[in-house]
Structure formats: structure tokens, C-alpha cells
Amino acid sequence: MQQVFSIPKSFKEGFKFTFCPGCDHGIAMRLVAEVIDELGIRENIISSTAIGCSVFIYDFLNIDCVEAPHGRALASATGVKRAQPDKVVFTYSGDGDFASIGLAESMNVALRGESITSFMLNNTTYGMTGGQLGPTTTMGQKTTTSPMGRNREYYGYPIKMAEHMALCDGTAFSARVALDSVPHINQAKAAIKRAFEVQLEGLGFGFVEILSSCPTNWHMTPEQAHERIKTEMTEIFPLGIFKDVKNNN
Amino acid sequence: MGKIVIDNNRCKSCYICTTTCPKGLIQKSEKTNRLGDYMVEFNDPNGECIGCAMCAKRCPDVAITEVWK
Amino acid sequence: MKDCEKVLIKGNYAIAQAAVNAGCQCYFGYPITPQTEIGEYLSGKMQELGRGYVCAESELAAINMVMGAVSTGVKAMTSSSSCAVALMQEALSYAASDELPVVLVNVMRTGPGLGYIYPAQGDYNQAVYGGGNGDYKVIVLAPSTVQECIDLTYRAFYLAQKYRNPTILLADGLLGQMMEPASFGKYPYPEIDTSAWALSGAKGRDARAIYSCARDEKAQIQHIKDLFKKFEVIKENETSFEEINTEDADIILTAFGSMARNIKAAIKVLRKNGIKAGYFRPITLSPFPSQRINELAKQGKDFIVVEMNMGQMYKDVKYAINGQSDIALVNRPCGEWLSVEEIVDSVKKVMEKNYATSL
Numbered sequence: 383m384q385q386v387f388s389i390p391k392s393f394k395e396g397f398k399f400t401f402c403p404g405c406d407h408g409i410a411m412r413l414v415a416e417v418i419d420e421l422g423i424r425e426n427i428i429s430s431t432a433i434g435c436s437v438f439i440y441d442f443l444n445i446d447c448v449e450a451p452h453g454r455a456l457a458s459a460t461g462v463k464r465a466q467p468d469k470v471v472f473t474y475s476g477d478g479d480f481a482s483i484g485l486a487e488s489m490n491v492a493l494r495g496e497s498i499t500s501f502m503l504n505n506t507t508y509g510m511t512g513g514q515l516g517p518t519t520t521m522g523q524k525t526t527t528s529p530m531g532r533n534r535e536y537y538g539y540p541i542k543m544a545e546h547m548a549l550c551d552g553t554a555f556s557a558r559v560a561l562d563s564v565p566h567i568n569q570a571k572a573a574i575k576r577a578f579e580v581q582l583e584g585l586g587f588g589f590v591e592i593l594s595s596c597p598t599n600w601h602m603t604p605e606q607a608h609e610r611i612k613t614e615m616t617e618i619f620p621l622g623i624f625k626d627v628k629n630n631n
Numbered sequence: 408m409g410k411i412v413i414d415n416n417r418c419k420s421c422y423i424c425t426t427t428c429p430k431g432l433i434q435k436s437e438k439t440n441r442l443g444d445y446m447v448e449f450n451d452p453n454g455e456c457i458g459c460a461m462c463a464k465r466c467p468d469v470a471i472t473e474v475w476k
Numbered sequence: 002m003k004d005c006e007k008v009l010i011k012g013n014y015a016i017a018q019a020a021v022n023a024g025c026q027c028y029f030g031y032p033i034t035p036q037t038e039i040g041e042y043l044s045g046k047m048q049e050l051g052r053g054y055v056c057a058e059s060e061l062a063a064i065n066m067v068m069g070a071v072s073t074g075v076k077a078m079t080s081s082s083s084c085a086v087a088l089m090q091e092a093l094s095y096a097a098s099d100e101l102p103v104v105l106v107n108v109m110r111t112g113p114g115l116g117y118i119y120p121a122q123g124d125y126n127q128a129v130y131g132g133g134n135g136d137y138k139v140i141v142l143a144p145s146t147v148q149e150c151i152d153l154t155y156r157a158f159y160l161a162q163k164y165r166n167p168t169i170l171l172a173d174g175l176l177g178q179m180m181e182p183a184s185f186g187k188y189p190y191p192e193i194d195t196s197a198w199a200l201s202g203a204k205g206r207d208a209r210a211i212y213s214c215a216r217d218e219k220a221q222i223q224h225i226k227d228l229f230k231k232f233e234v235i236k237e238n239e240t241s242f243e244e245i246n247t248e249d250a251d252i253i254l255t256a257f258g259s260m261a262r263n264i265k266a267a268i269k270v271l272r273k274n275g276i277k278a279g280y281f282r283p284i285t286l287s288p289f290p291s292q293r294i295n296e297l298a299k300q301g302k303d304f305i306v307v308e309m310n311m312g313q314m315y316k317d318v319k320y321a322i323n324g325q326s327d328i329a330l331v332n333r334p335c336g337e338w339l340s341v342e343e344i345v346d347s348v349k350k351v352m353e354k355n356y357a358t359s360l
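Chains as they are written, first to last, in the numbering used here: chain A, 383 to 631; chain B, 408 to 476; chain C, 2 to 360.
Just so you know, not all the hints are guaranteed correct.
With a cut-off of at most 27 Å between alpha-carbon atoms, the simulated DSS-like pairs for lysine-lysine come out as follows [as the list claims (entries may be wrong)]: (1) C:K231 - C:K350; (2) A:K391 - C:K204; (3) A:K469 - B:K410; (4) B:K476 - A:K571; (5) A:K524 - A:K469; (6) A:K398 - C:K231; (7) A:K542 - B:K410; (8) A:K391 - B:K438.
A few chain B positions that, by computed beta-carbon distances, are all more than 10 Å from chain A [as the list claims (entries may be wrong)]: (9) T427; (10) K430; (11) Q434; (12) E437; (13) R441; (14) M446; (15) D451; (16) P452; (17) N453; (18) R465; (19) D468; (20) T472; (21) K476.
Since the hints were derived computationally from the structure, they do not count as laboratory data. No residue lacks a Cβ here, since even glycine has one placed at the ideal position from N, Cα and C.
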């Protein structure tokens with residue numbers, strides 16, 4: 383028999399995720415680890431970590447990490463890359479860190495075309511603090527700070543980050559993927575790989591928005607949560623590659 | 408003919424794998440883990456597993472640690 | 002230009018060129034008067050030298066870029082002024098806990114709030130006591146001349162790396178905009194080996210993570226204690242000050258930064274007037290030379306603190322004196338520096354009123 387699946391080597395020995403049952407962070411981190419393995423870049427990579435559930439990446443991945451305050455991961459990553467242009471630099475954040483408190487840093491990294499790679503998990507809520515309204519919370523969605531549902535009058539609209547990033551001239555690759563099914567997970571892995579490749583090829587900023595579930599704060603079973611991604615979220619946040627300089631040229 | 412290895416120490420009983428396996432070879436077990444959750448178990452008496460690894464790809468905890476085919 | 006040659010140079014340019022000489026590999030900054038020349042100068046210089054430079058989108062981003070850069074073991078810095086340094090306080094708290102050798106130059110202007118671009122010394126508390134959360138300490142160096150802008154910029158890079166502690170160069174608008182003859186010399190300190198902790202990719206070793214989040218209570222308690230133990234070593238080794246005519250002095254004038262220039266002149270005038278005045282200037286505001294002040298106070302010498310704020314260093318001097326002698330404050334919150342004449346007059350008044358003007 384031939385082994386067709388094993389634990390990625392870029393994980394720490396004996397790691398165990400501390401996320402809630404059914405949380406897609408585990409899938410996203412595994413895909414990042416698999417891609418790091420496949421590209422053979424583990425020993426040359428530095429990550430700037432964000433704040434939120436994503437912060438614990440340094441507990442799980444066997445790579446060098448530097449912590450940044452909330453929202454500043456992309457500024458910190460810029461510093462790492464400018465100091466060490468030969469290193470592969472990436473950030474792994476939630477939507478709160480990337481698209482709310484860190485929006486200025488995210489946009490400016492894309493506009494400067496920093497040669498770094500960023501992954502943003504979009505789970506339409508602030509997960510770590512217990513499910514508050516965030517920048518990607520969908521219209522009508524009930525959270526602990528939008529008990530009657532998100533409405534225009536009090537909260538305005540959710541942000542579509544992958545499209546915004548694609549509009550920035552310094553962005554080389556921008557895509558939105560989802561983790562609700564095996565075909566989508568396969569697409570997600572391909573996008574994660576491409577987002578690293580544009581950095582390795584020196585083409586500019588690589589970005590992937592990953593639609594992911596938060597069963598705990600959505601008050602759903604893991605299966606129901608994936609169903610919500612499939613039926614509701616992909617309607618609002620369409621999947622696809624919004625920019626790839628290779629194809630655009 | 409394939410097989411999988413489940414690490415019950417990592418499994419958090421989200422049961423995504425039980426609905427993912429096209430052959431229904433992963434089921435909720437009668438046994439519980441130290442948190443009192445029913446664990447999952449792989450039963451393939453007729454050798455139906457083809458090692459598609461879909462269960463492992465959807466497992467959020469890398470609790471399906473090996474897939475063979 | 003020879004190393005020892007004197008040049009007529011503005012304080013801001015002196016700081017910028019000293020950073021280049023010190024081997025600063027990356028500069029990240031956002032414009033704000035009265036320190037903008039530092040970023041302007043370095044924008045060209047760093048590109049010429051193939052080093053890192055970013056016009057950051059904000060001061061928040063700038064100092065976090067510095068944190069990222071120094072985490073890889075290189076020297077890096079940012080510069081800013083008062084109200085914008087306020088934005089950087091969060092990062093200083095992180096950098097202190099992460100033990101990252103961040104170098105920050107603050108060319109002070111007036112506060113609170115936007116204040117204005119008048120020079121002032123109102124950020125003593127912000128620098129020494131910090132605006133970030135939690136228990137932490139940074140090293141604070143206060144130059145009083147353009148020459149010292151150079152010398153202390155060198156020292157800031159050295160101390161930051163030697164002790165893995167954020168270090169602030171606390172200058173002011175007067176010094177930043179002032180031209181004086183100064184010489185650069187060579188960077189006088191040994192290079193610090195950062196390879197034992199810096200991030201370089203986990204090749205042939207365990208992965209490293211630099212972070213301040215300790216989820217174990219005991220570990221966090223120990224971490225904070227270790228940080229303070231480290232600062233005790235810094236205090237022991239690095240506390241520095243300048244002292245003139247204190248031996249026979251009855252009264253010691255003390256000031257930091259460029260305000261000290263006028264008290265240096267004032268003690269000469271006072272001595273001509275028959276008042277035995279001495280001069281004491283803390284160069285490291287943190288660690289503060291409390292012990293020396295305490296010794297001088299024990300000898301019965303009174304202190305007059307002269308500063309361009311509402312009495313910030315005054316409290317540290319008073320604490321150091323510990324009731325052993327008298328103390329008074331001569332101050333103005335911002336704007337035109339207290340002149341030598343004003344200082345001399347104020348000192349005489351304080352003495353006449355027997356220190357009744359104390360805060």
C-alpha cells in the first residue's frame with residue numbers, strides 16, 4: 383500500500399490544535415503547512431503573527447514567528463521582509479485583524495506591492511472574544527453585538543477583501559476560497575500555493591481570503607456551518623481568483 | 408483497498424468525517440474520550456476504502472493522521 | 002569628510018547620519034514636525050546604500066515595521082514627535098516584553114493633544130514611565146547638544162541590542178532644528194551577536210517564536226521579574242550624568258536635554274553673584290541617576306529643577322532627594338526656552354522665599 387496522506391512535516395512534533403471542534407482554522411493551517419512542505423521553504427520562512435484565534439500558529443507550525451500587536455501583522459511582516467529580502471514572509475490572520483483594525487496596514491502593503499503573502503480567514507465574526515460583529519459579518523447576521531441582526535442603519539456593510547486587494551496595483555495574486563467541501567479545499571490549497579509562488583517569483587503581494595466556519599459562535603454543528611458557507615456565504619462572498627498577474631499579462 | 412489511521416487523542420468529535428466518507432466507513436463509536444464525547448471509528452469489514460483521503464482533507468484537527476491506498 | 006572632522010550640522014540630520022554610521026539597516030517613518038528631516042534625509046541615504054526604507058502609512062505601522070525588522074537581528078529605527086510617539090506606546094510595551102531592540106527617536110514638540118510645533122519637554126513621563134500597558138521599562142537617553150545627538154544615537158543602537166530592550170532618544174524641537182559644529186567619528190561600540198535569538202528561518206535548529214503572550218501564570222510572573230532584573234543590570238552599568246561644580250555647591254541646578262545648556266551658563270552667573278551653584282544633568286533619564294542625586298542631597302545640597310514642562314523630572318529628583326534637602330521647580334510648559342537671566346532671577350527668588358515655591 384502507498385501512503386497518500388500524512389501529517390505535514392512543517393507541523394511541530396506532537397502538536398494538537400486548541401481550536402473548538404469543527405473549526406476550519408485547523409484545515410487552513412494544515413493547507414499552509416502542506417504548501418510550505420511542497421515548496422520546501424520551511425527553513426527559510428518567517429511569519430508575523432496576528433491577534434485572535436490565528437495567533438496560536440506559533441504553537442503548531444515548526445517555523446520562526448514574531449508576534450505583532452492586533453492589526454499590525456502586515457506592518458511587522460513589512461519590516462521582516464525589508465530587513466531580510468531573501469526570506470519568505472507570510473501572515474495568517476482573521477478578518478478582524480486583517481480587515482478591521484489592520485485595514486490600513488493591509489491596504490498599504492497591497493499598494494506598496496510588498497513581496498509577502500497573507501492569508502485572511504473570513505468567518506463573519508470575532509471568534510476569540512465570543513462572536514461579535516466584525517467587518518465581514520453578513521447583513522442580517524445575529525451576533526452578540528448585533529442582537530437584532532446586522533442592518534445598514536447601525537452597522538453598514540461587510541467588506542469584500544479579495545476584491546479590494548485585487549484592485550491594488552501592487553497585488554500579484556488575490557483569490558477567495560472556501561473550506562466547506564473537498565473540491566473547495568483542493569482549490570484553497572492551490573490558491574495558497576500560488577500566493578506563495580508570486581512572492582517567490584518576486585511579482586508582488588499574494589493574498590487569499592479563506593471562507594471558514596466558526597460553529598461555536600454561529601451556534602451550529604460543524605456540518606450546518608459548512609452548509610452556511612456553501613449556501614449563504616459564497617453568495618455574498620463569491621469564490622474565485624480576482625487577480626493573478628501571470629494570467630493578466 | 409485502503410485504510411486510515413485515526414488519532415483519538417487529536418479527535419474532537421466534530422463528526423465531519425462521518426458524513427464525508429462516501430462509503431460510510433467512519434461512524435460514531437460507542438466509546439467516549441476523556442471529555443465524554445463519543446469518538447469515531449473506522450470499520451471496513453468488506454475492504455471498501457479506496458484511500459480517497461477526503462476524510463483526512465476535511466478533518467479540522469489532523470486527527471486522521473494517515474491514509475493508505 | 003574625515004571621521005574626526007567637525008561639520009556644521011542640524012540636530013535632525015546629525016541623528017539621521019549617526020543612524021547610518023551605526024549600521025541601521027532599516028528606517029521606517031511618517032512625517033511630523035519638528036523631526037521630518039530625519040526621514041527625508043534617510044529616504045535618499047538608505048536607498049543609496051541599498052538598505053530598508055518605508056514611508057509608513059502611520060506611526061503605528063512604522064514602529065511595528067521596526068519590530069519586525071529588529072526581530073531578525075538587524076538594527077532598525079523610527080523617529081517621530083510627541084503626539085505621534087503617543088501612537089507608538091502599545092508597540093513599546095510589546096517590544097519591551099518581546100525583548101526587541103527597537104530604537105525610537107522622539108524630537109519633542111508641545112502637547113497635550115496636537116499642541117503645536119513649539120519645542121517642549123513634556124514627554125518626559127511618556128518616555129520614562131511609558132504609555133503602554135503593563136510593567137515594563139525602556140532606556141531613555143537625552144542629548145543636550147548636536148554632538149550628543151550623534152553620540153547618543155550610537156549609544157541607543159548599542160544599548161538596545163546589548164540589553165535587547167527598546168531604547169528612546171529623547172531630543173526636542175530646539176535640538177532637532179539647531180545647527181552646531183559636531184564630528185561623527187566612527188561608531189564606537191562593538192557589534193552585538195544576535196544569532197542566538199534572532200529569526201532567520203528554522204534551519205538546523207528549533208523554530209523560534211518571539212511573543213509576549215504567556216498562558217502560564219507562573220511563566221508570566223517570572224518573565225516580568227526577569228525584565229526588571231535585567232533593568233537593574235542596566236541601571237548598574239549604564240546610568241550616566243554630567244556634573245559640574247557640585248563639590249562645593251550649596252545649590253544644584255538640574256535639567257535634562259537642551260534645557261541643560263542654559264543652566265550650565267546660569268551657574269557661572271550665579272557664582273559671580275556669590276551663590277555657590279552646581280550643575281547636574283541626567284543623560285540617561287531611564288535608568289535615572291537617583292543614587293547620585295541622593296548622595297548629593299545627603300550632603301545638604303538643595304536642588305532646583307529647570308524644565309520645559311509642568312514638573313515631570315522634578316518628581317523623580319524629589320523622590321531621589323527623599324526629604325534630605327530642599328527642592329524647587331523653575332519651569333515653563335513650552336515655547337521659548339527659559340533664558341539664563343530668567344533662570345538666575347528665578348533661582349534668587351526661590352532662595353529668598355526659602356523654597357516656598359515648591360510644587
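Do the hints match the structure? See the list:
1. C:K231 - C:K350: Given pair K231 (chain C), K350 (chain C) is violated - Cα atoms ~43 Å apart, limit 27 Å.
2. A:K391 - C:K204: With Cα atoms ~13 Å apart, K391 (chain A) and K204 (chain C) stay inside 27 Å; holds.
3. A:K469 - B:K410: violated, 39 Å
4. B:K476 - A:K571: Given pair K476 (chain B), K571 (chain A) holds - Cα atoms ~22 Å apart, limit 27 Å.
5. A:K524 - A:K469: violated, 42 Å
6. A:K398 - C:K231: violated, 34 Å
7. A:K542 - B:K410: violated, 41 Å
8. A:K391 - B:K438: violated, 31 Å
9. T427: It is violated; T427 (chain B) is separated from chain A by about 7 Å at its closest Cβ, not greater than 10 Å.
10. K430: holds, 14 Å
11. Q434: holds, 15 Å
12. E437: holds, 19 Å
13. R441: Its Cβ never comes within 10 Å of chain A, the nearest being 13 Å, so this holds.
14. M446: holds, 12 Å
15. D451: holds, 13 Å
16. P452: The claim holds: P452 (chain B) sits with its nearest Cβ about 18 Å from chain A, beyond 10 Å.
17. N453: holds, 17 Å
18. R465: violated, 6 Å
19. D468: At roughly 5 Å from the nearest Cβ of chain A, D468 (chain B) sits no farther out than 10 Å, so the non-interface label is violated.
20. T472: Label violated. Min Cβ-Cβ 5 Å, cutoff 10 Å.
21. K476: Nearest chain A Cβ is 5 Å from K476 (chain B), so the label is violated.
Of the numbered hints listed earlier, those contradicted by the structure are 1, 3, 5, 6, 7, 8, 9, 18, 19, 20, 21.
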